[in-house]
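**Student:** Whole structure, please, built from the sequences with the hints as guidance.
Here the protein sequences line up with chains U and Z, keeping their order.
Using my numbering, you'd call the opening residue of the first sequence number 1 and step up by one each time.
Using my numbering, you'd call the opening residue of the second sequence number 1001 and step up by one each time.
The set of hints was computed from the structure by calculation and includes no laboratory data.
Hints are not guaranteed to be accurate.
With a cut-off of at most 25 Å between alpha-carbon atoms, the simulated BS3-like pairs for lysine-lysine come out as follows [claimed, not checked]:
{"no.": "1", "chain 1": "U", "residue 1": "510", "chain 2": "Z", "residue 2": "1124"}
{"no.": "2", "chain 1": "U", "residue 1": "510", "chain 2": "Z", "residue 2": "1067"}
{"no.": "3", "chain 1": "Z", "residue 1": "1124", "chain 2": "Z", "residue 2": "1007"}
If you're wondering where the values come from, they're calculated on a predicted model, not measured in any experiment.
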Amino acid sequence: MATGSAENPFLRPPSDEELAPVYRAPSSYNPLHTFQLPSGQDRHYQQQYGDMYFLRLAKLKPAVEEIAVETWEGFSIAGEHARRVERVLDVRQGELCWVAGTIYMDMPLKPNILDDLTKENFTLAPPPRPTYLDPTQPELTQIMLEDESGRLRLTGTMLRSTQLATGAIVAVLGTENSNGDFEVIDVKVPDLARQPRRWERDEAPSPRKGTGNGKIAFVSGLGITGTSSDTLSLELLADYLLGYTGSPSSNNDGNGPSDASAITRLVIAGNSLGASMTVDPNENAAASKKKNGPKKYGYDASAYNASPITQFDNFLAEILPSIPVTLMAGASDPANFSLPQQGIHRAMFPRARAYCSGPPAAGETPEPGWFDSVTNPWEGDVEGWRLWGCSGQNVDDVLRYLDFANSHGLVEADGDGEARIKIMEAMLRWRCGVPTAPDTIWSYPFQTHDPFVMQACPHIFFAGNQPQFQTAVIEGDAPLKLNGADTEMTGTDDSTSTPRVRLLSIPTFKDTGELVLVDIETLEVEVIKFGTYAGQEEQQ
Amino acid sequence: MAVADYKRYLAENVLNERRTVTFRSLSRALRVHSTLAKQMLYDFHRTENSKRPQSVNATYIVSGVQKEPEPATNGHTNGEDRNGDVFPSSPYLSSSMPNQDFASDTVTTASVVLVREEDLEDAKSTFESILSIYIYSLQQTLLQDLNVLTDVSRELVSNHSQEDPLEYGKQWGMIQNRNVKRRTITRPPVPAPARTTTATTATSKPTIPSKRPSEASSQTKPEPKKEEGTGSEQPSTRESTPSTTSKPTEKSAPMKREKSNLFSSFAKAKPKQKKEESATPAESAEPSGAEDVFLDDASDEEPEELFPDSGKAASSADASRESRKEREEKLKKMMEDDAEDEEMPDAAEPPEESNPIDQPPPKQPEPQEEVTVQGGRRRGRRRVMKKKTRKDDEGYLVTVEEATWESFSEDEPAPPLKKKPVASAPKGKSAGKSGQGNIMSFFSKK
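**Tutor:** Set out below in structure tokens:
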């Protein structure tokens, strides 16, 4: 507040001083195409989803068994040694043993395709539920461990304090009781995968000449609806990114928003468009009846509201001359619905598409464009760091499996944000970015590989469209690493450092007006909030 | 530099025209650095209010670090705060990972807040430290709804879309990027300034046009690269040389090729109609708006055509407001028209030319069929949709609508068709409407 108008560069009469142009630092960018689906004819939806579970189990079982062997070798209770059992069906009653498999949770409110079929509800997708748990009947929730041989129901107090979700690969230690249930004593997860070194896939650039560190900016949930009310913060955001907000002369001493010229790349994590762009069919039917207009077949241009995408295109076209953008699709964006969502097609962006890379020649991976419309989830290297992010569907869905109501009474209360970070950590340790696909998240039926299994541990793991900003740093288990626990992906260099992952839960911009900046050297995080000051006028 | 004239510009726009001027619109209009524009706004605000208090109202951007708001709205709980009570302890985590520390680094949250002049002091008091304050916009009255400001920038987008940001960004004070990659093949199609805010331009000043976008004269384009000539041509010349209409610069030529087949048929038939339009001096704002939307859809090379129209559109400042609503409606109509792929044979062309004052209808049905009129009889071939039902390989009945040509011969068109052009002087839309009605009856007969 000490800033007097005398020293303020803006609150003074125009001067003749020449303002030097500010240059943005270059961005090093190397996306991975992990989630790119085959295009056109090669994309099939006839396959069974079961393969995905087998692929996942095959991939992660060795990793989790490695850890289990590490800890449980020689473990004994009352003179009985824990035995390793290969398949869940081989578990014998009363015998202390451990076994690895996939978690399957049967929950009362979980959408069930078989139920839908028997009730002949083929047409409508089930409405999203806040949770799959039924708090009034907790006993209906069953946790099972399955592999290719069969299923084993898990029980025990241990489970109550452990967060698990369908699709996670774990190893459990315990005994089968007289009911045929498996009493769990301990649970192990695959833990973090090998983390690549920084600049592993790229050549490290020569040290920057410029002063200060670069930043990567993350934003999600722009939620553009095309009405004027939602774009004011967006304006401010664009102003900031283009450098109109900060004063280039004043050095940032940590007291304000960082100089925008340090931001080398903007990552938009989904839900850029708010309202659905087509009018609700029911509503539309009523309207058209009223209108008494001509009956239309097929594409009805009047039911399509192009305003949101036009606005978004304008926003992109405005900032693209200055900053490269990675755009991820999200649940409300015009892309396919099932994960992995493919990038929003550039034809949607008549103005911004000039910055896209050209259409790829057959068989070759295109060079990443200045404006890169990517998949969701997405994986890639930015400034040498490995990023793995999703537009939030993965976290939202796992949250429905977990019971956070017990601890503080309200299901969707404020503390939910902390839960989300925990879930993100758990997903990293499960080595599975979207564990609940294909069970409760729609997914492409992969046949040959499960891309949701994380081959490498990212440096920055982010989820978009969360209710509030959260961040944390997690670390891998150093001692285990040094023992070579992680044989699955052992490289030559992974014992040199313990993996450290920066978790980011990126808030919905439309609600919070927050932009997240991550320092590219230290991975420190800062937040910039855009908004209007609700003055007395509005408060009344 | 145009610096000297900013007072005049602001006086005209803010005081006389009662418009809202943001630092960005000022910076674009005068082609000055955004910092300079902010200073201009400040200077103008100070001098005007010292002359006459409350004559100009400002909104400010305050950026800095805000004091922690009350915990309820605090989105940034650090790990420590809650680690205990939400997750009492998650044993699998702790067992698999002894060093489970949620690094609870304090995240700095900076804020960029838009504030009304009245609330400036209040807002300042919520800040712990302030990095910068500047004037975002000036307007004559207090803004009840700050969202109005987005309209200004929307206009900005449409007005200055011709200016390549890569070229002018430096002037505006945009952060430059040396590595920007842009494909040269496609030029972003330029959304033509529909409701052009030519109010700015109505105030054409002889002193500065060198610096300002030369829209002042209402027909020229700011982009120096493009030929300036066409826009300023008189409608009459254009009429005589229809080729001007399709004078896209070489850049837009590829765009044309990209057009889908559907539109190419429109495009072919277009020039004639355009000609008529530009010959109508009484063009009002709204049809130009609608027209514009349609063109966006159909063809890219035509925006230039609109400049003469939009210049006239500026006659009243609020015409643009109302035109937007109408535009939407028009758009809808337009779309409906588009959807019809059956064109009515149209005999209205010659009378149309005979009274050029007539408003051009949103869209004229184009004659695609050959029709000859002979002694009160019309004959020719026309295209009709026929329903055909047949069994396919798997034994299902399939109904397909197919376009077939049939020849016909009938009496001269019914009276309504003939009278239309004469009767519809005030509202040209009726032409389109009656055409539609005919189509409907065509469908309903089945």
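**Student:** Hint by hint, note whether the structure agrees.
**Tutor:** Hint check:
Simply put, residue 510 (chain U) and residue 1124 (chain Z) have alpha-carbon atoms about 24 Å apart, close enough for the 25 Å limit, and the pair holds. A threshold of 25 Å between alpha carbons decides the hint, and for residue 510 (chain U) with residue 1067 (chain Z) the separation of about 22 Å falls inside it, so the pair holds. Our distance criterion of 25 Å between C-alpha atoms is broken by residue 1124 (chain Z) and residue 1007 (chain Z), whose separation comes to about 28 Å.
Hint compliance for this structure: hint 3 is the single one not met.
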